[in-house]
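K.L.:
Chains as they are written, first to last, in our numbering: chain D, 1 to 163; chain Y, 1 to 141.
Watch out, some of these pointers could steer you wrong.
[Stated by the list, open to error] Cross-link-like lysine to any residue pairs, in silico, SDA-like; alpha carbons within 20 angstroms at most:
| id | chain 1 | residue 1 | chain 2 | residue 2 |
| --- | --- | --- | --- | --- |
| 1 | Y | K140 | D | Q124 |
| 2 | D | K26 | Y | T61 |
| 3 | D | K144 | Y | R87 |
| 4 | Y | K140 | D | A2 |
| 5 | D | K144 | Y | L131 |
| 6 | Y | K140 | Y | R87 |
| 7 | D | K27 | D | P90 |
| 8 | D | K27 | Y | Y67 |
| 9 | D | K144 | Y | A130 |
| 10 | Y | K2 | D | L88 |
| 11 | D | K144 | D | P90 |
| 12 | D | K26 | D | V75 |
| 13 | D | K26 | D | A79 |
| 14 | D | K27 | Y | A130 |
| 15 | D | K26 | Y | L46 |
| 16 | Y | K118 | Y | L107 |
| 17 | Y | K111 | Y | I121 |
| 18 | Y | K120 | Y | A130 |
| 19 | D | K26 | Y | W113 |
| 20 | D | K26 | Y | L66 |
| 21 | Y | K120 | D | E146 |
| 22 | Y | K111 | Y | I126 |
| 23 | D | K27 | D | I87 |
| 24 | D | K27 | D | T82 |
[Said to hold, decoys possible] Derived DEER-like restraints, expressed as beta-carbon distance ranges:
| id | chain 1 | residue 1 | chain 2 | residue 2 | range |
| --- | --- | --- | --- | --- | --- |
| 25 | Y | T61 | D | F121 | 29 to 39 angstroms |
| 26 | Y | K111 | D | E54 | 37 to 47 angstroms |
| 27 | D | L126 | Y | T4 | 33 to 43 angstroms |
| 28 | Y | N59 | D | L6 | 18 to 28 angstroms |
| 29 | D | K27 | Y | A134 | 16 to 26 angstroms |
| 30 | D | A52 | Y | K2 | 26 to 36 angstroms |
| 31 | Y | L66 | D | A52 | 21 to 31 angstroms |
| 32 | D | Q86 | Y | L65 | 27 to 37 angstroms |
Please keep in mind that the hints were generated in silico from the structure rather than gathered at the bench.
These figures come from a predicted structure and were not determined experimentally.
Even for Gly, the Cβ is constructed at its ideal location relative to N, Cα and C.
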Amino acid sequence: MAIGILLALLGGAFVCLQNTFNANVKKRVSVWSTTALVLLLGFLASLAAGLAFEGTGLFRFQAQPWFWFSGILGVGVVACVTQGVQILGPSRAISLIMVSQIFFGLMWDTLGWFGLETVPFTWQSLLGVLLISGGVLLFQLGPKLEQPERNRKSVGVRKSVKG
Amino acid sequence: MKGTIFALAGGFFLTFQSVANATISDSIGTWQAATMTQFTGFVLALLIVVLLRDQTYQNLTQVPLLYASGGMLAAVVLYSNMTAVHRMGVTLTIGIFLIAQLITAVLIDGKGWFDMTKQKIGRTQIAGLALMIAGVIVLKW
């Protein structure tokens, strides 16, 4: 458990760092070229780490056919997030994306689709998810409510996109 | 309305991605899964770049190397995400990921690091983070 929490904290911090770096790339390069670059480097880094930790054992695996289509999900993320941000603006889009993410997480834990181990649904976990969602909304939209004139762009100019 | 649907679908895809990655890593190993999902994603993104006849990658030379190499951080992100999902389920993993993301955003924006416009961090943001942490505690109690 403690390791899981620490890894999630580290991972989340890196997501934000990566989004910050990507935002600087997108000042000059289009969304899709940036995405291609980011995934290429992610691939190379994972390949290097895999080779370092497992040697050529990295290439000995039996993939089910659908594994080869996993990349579609990443492309779906980029397409939907980009559209959402364009239409709604960053703060509102990102708060909705994060809320949607955590509710789908609860749904998935409950249903255990795709061979995921089920985590039984409790009203307490729903309360937890509601609190987290409330926190996200307050974080992203609070500054707008506080200073509707001055502080339009605020911290909300952030993407929640993962890898 | 359309924007809302895109945003909700974006959240769905993000969660689906975490779950799929965790499932794939369960079956073939964590680094295998990371390498494979990044590779297939890259091929697809490259295809889109070619189809759109997108030439903006030529501007990459004007981007500082540090920013251009951000993609490499994915190795750490994917490893932590898959391992965390295995150990504590999707909901808790996402909850803690979001908190860490926003705390880092507060740091970067508050200090104006990495060419981000420096921004004042408001009370609502600190309150929002506190609420999220309370949510994670309730979730796990």
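K.L.:
Hints broken by the structure, by number, lowest first?
P.N.:
3, 14, 25, 27, 28, 29, 30
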